[in-house]
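Take a look at the letters that make up each chain.
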Amino acid sequence: MILSVVLASLAVYSWKILGYLVPERFISDRLRGFSDRVTIALLAALVGIQGIAVGNELQLDARIPALVVAGLLLWLKVPYVLVVASAAAVAAGLRFLGF
Amino acid sequence: MARAVVSTSLSVAIATGLYGISFGAIGVAAGLDVLSVMLLSLLMFSGASQFAFVGVVAAGGAPITAIASAWLMGVRNSFYALRMAPEFGPRGLMRFLQAQLTIDESNAVSASQKSAADRRLGFWLTGVGVFIFWNLATLLGALGGNLIGSVEAWGLDAAAAAAFLGLLWPRLRENLALAALGAAVALVSVPFLPAGLPILLAAAVALIPMGRKA
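Residue numbers (my numbering), protein chains in the order written: chain A, 12 to 110; chain B, 3 to 216.
Treat the hints with care, since some could be wrong.
Unchecked claim - Derived SDA-like pairs (lysine to any residue); straight-line CA-CA distance at most 25 Å: (1) B:Lys116 / B:Met96; (2) B:Lys116 / B:Arg173; (3) A:Lys88 / A:Ala103; (4) A:Lys88 / B:Ser9; (5) A:Lys88 / B:Ala110; (6) B:Lys116 / A:Arg43; (7) B:Lys116 / B:Phe133; (8) A:Lys88 / A:Ala100; (9) A:Lys88 / B:Leu12; (10) A:Lys88 / B:Leu99; (11) A:Lys88 / B:Val8; (12) A:Lys88 / B:Ile16; (13) B:Lys116 / B:Asp106; (14) A:Lys88 / A:Ala73; (15) B:Lys116 / B:Arg5; (16) B:Lys116 / B:Ile16; (17) A:Lys88 / B:Pro172; (18) A:Lys88 / B:Ser114; (19) A:Lys88 / B:Glu176; (20) A:Lys88 / B:Ala113; (21) A:Lys88 / B:Leu149; (22) B:Lys116 / B:Arg85; (23) B:Lys116 / B:Leu99; (24) A:Lys88 / B:Asp106.
Everything labelled a hint here was simulated from the structure, so no lab data went into it.
Okay, chain A solo, but in the shape it has when bound:
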């Protein structure tokens, strides 16, 4: 696992250092747009997988109401750390009650 962590860290660092080494004129707006979209597509996929998938199956459970509450709190501009903690509390509470 540590080897994977180090390799992944080097991979991420390669992007960071690349921006300081490559002259800006080589970067097109099209590439910039792609970079923005990759981030959004990946994050949305991770919300979906983490919220609905279990292994190779889709499963609707206490995570859904937790995500709804998180969305509501984000919309109300509640600080990030409270949003995450509230989602955990909602899911934990529902499961404690047997849902």
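For chain A, the structure is supplied; the task is to place chain B on it using the hints.
Just chain B now, with coordinates in the frame of chain A:
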């Protein structure tokens, strides 16, 4: 003028750093040991990439899939670096340090300053501040998370989903269709692909020119 930069940088550093607690706890809950979780915060130091790595591991994905997800998630840091390089890209060894601190937060604080001196100060204060608080909080979360037994009973799986939603949120309004498509591609492919790959497949959606900057 400089005083405003200092207080903005500090509040961003503390606020961002705090959610390192959730990263530490979620990382340990995903099955990583405390050392691996700490190395992610120290070496990778890019929140969304770290959560992506841990998310794939938690889903049972192969290491190479986790590495690829983290890597793809980090692409935007390149563009932050590009923006800053002409104005205050240092030479020599400092450049490698500046690169490591080039993340969402340091870029955002720097970009919102009016003078060149404040942009530079904002970058360094926020970058160093987030690094310190993020790593301290990760350690706290990882040690605390170790004491927790069941991930589900504490709602940590839901917390991880909310963590991604929170990172997505500021970008969501202008890119709703793209986000919906990304999530749909990932979910539809879940029954057919090994764990972690649906996330990478969703990244391919970014090849379609759509949304704000299309």
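Here is what the structure says about each hint:
Among the hinted pairs, B:Lys116 with B:Met96 is consistent with the structure: their alpha-carbon atoms are about 24 Å apart, no more than 25 Å. Simply put, B:Lys116 and B:Arg173 have alpha-carbon atoms about 23 Å apart, close enough for the 25 Å limit, and the pair holds. Of the pairs offered as hints, the one joining A:Lys88 and A:Ala103 holds, with about 23 Å between alpha carbons and a cut-off of 25 Å not exceeded. Straight-line distance between C-alpha atoms of A:Lys88 and B:Ser9 comes to about 20 Å, which keeps the hinted pair within the 25 Å bound.
The suggested pairing of A:Lys88 with B:Ala110 holds, with an alpha-carbon distance near 18 Å, which does not exceed 25 Å. A hinted pair counts as satisfied when its Cα atoms are at most 25 Å apart, and B:Lys116 with A:Arg43 qualifies at roughly 23 Å. Distance restraint check for B:Lys116 and B:Phe133: the Cα-Cα separation of roughly 24 Å lies within the 25 Å cut-off, and the hinted pair is therefore satisfied. Between A:Lys88 and A:Ala100 the alpha-carbon distance is near 18 Å, which keeps this suggested pair within the 25 Å criterion.
For the given pair, A:Lys88 sits about 19 Å from B:Leu12 by alpha-carbon distance, which is consistent with the 25 Å threshold. Straight-line distance between C-alpha atoms of A:Lys88 and B:Leu99 comes to about 33 Å, which puts the hinted pair past the 25 Å bound. Restraint check: the Cα-Cα separation between A:Lys88 and B:Val8 comes to about 23 Å, which is no more than 25 Å; the hinted pair holds. Restraint check: the Cα-Cα separation between A:Lys88 and B:Ile16 comes to about 17 Å, which is no more than 25 Å; the hinted pair holds.
A hinted pair counts as satisfied when its Cα atoms are at most 25 Å apart, and B:Lys116 with B:Asp106 qualifies at roughly 18 Å. Of the supplied pair hints, the one linking A:Lys88 and A:Ala73 holds, its CA atoms being roughly 23 Å apart against a limit of 25 Å. Between B:Lys116 and B:Arg5, the direct Cα distance comes to roughly 13 Å. Compliance with the 25 Å bound is thereby established for this hinted pair. About 23 Å separates the Cα atoms of B:Lys116 and B:Ile16, which keeps this hinted pair within 25 Å; it holds.
The hinted pair formed by A:Lys88 and B:Pro172 meets the criterion: a straight-line CA distance of about 10 Å does not exceed 25 Å. With a CA separation close to 20 Å, the supplied pair A:Lys88 and B:Ser114 stays within the 25 Å bound. Restraint check for A:Lys88 and B:Glu176: satisfied, since their Cα atoms lie roughly 17 Å apart, inside the 25 Å limit. Among the hinted pairs, A:Lys88 with B:Ala113 is consistent with the structure: their alpha-carbon atoms are about 22 Å apart, no more than 25 Å.
For the proposed pair A:Lys88 and B:Leu149, the alpha carbon gap of about 31 Å is over 25 Å, so the pair is violated. Between B:Lys116 and B:Arg85, the direct Cα distance comes to roughly 15 Å. Compliance with the 25 Å bound is thereby established for this hinted pair. Using a Cα cut-off of 25 Å, the hinted pair B:Lys116 and B:Leu99 holds, with the two alpha carbons roughly 24 Å apart. Restraint check for A:Lys88 and B:Asp106: satisfied, since their Cα atoms lie roughly 18 Å apart, inside the 25 Å limit.
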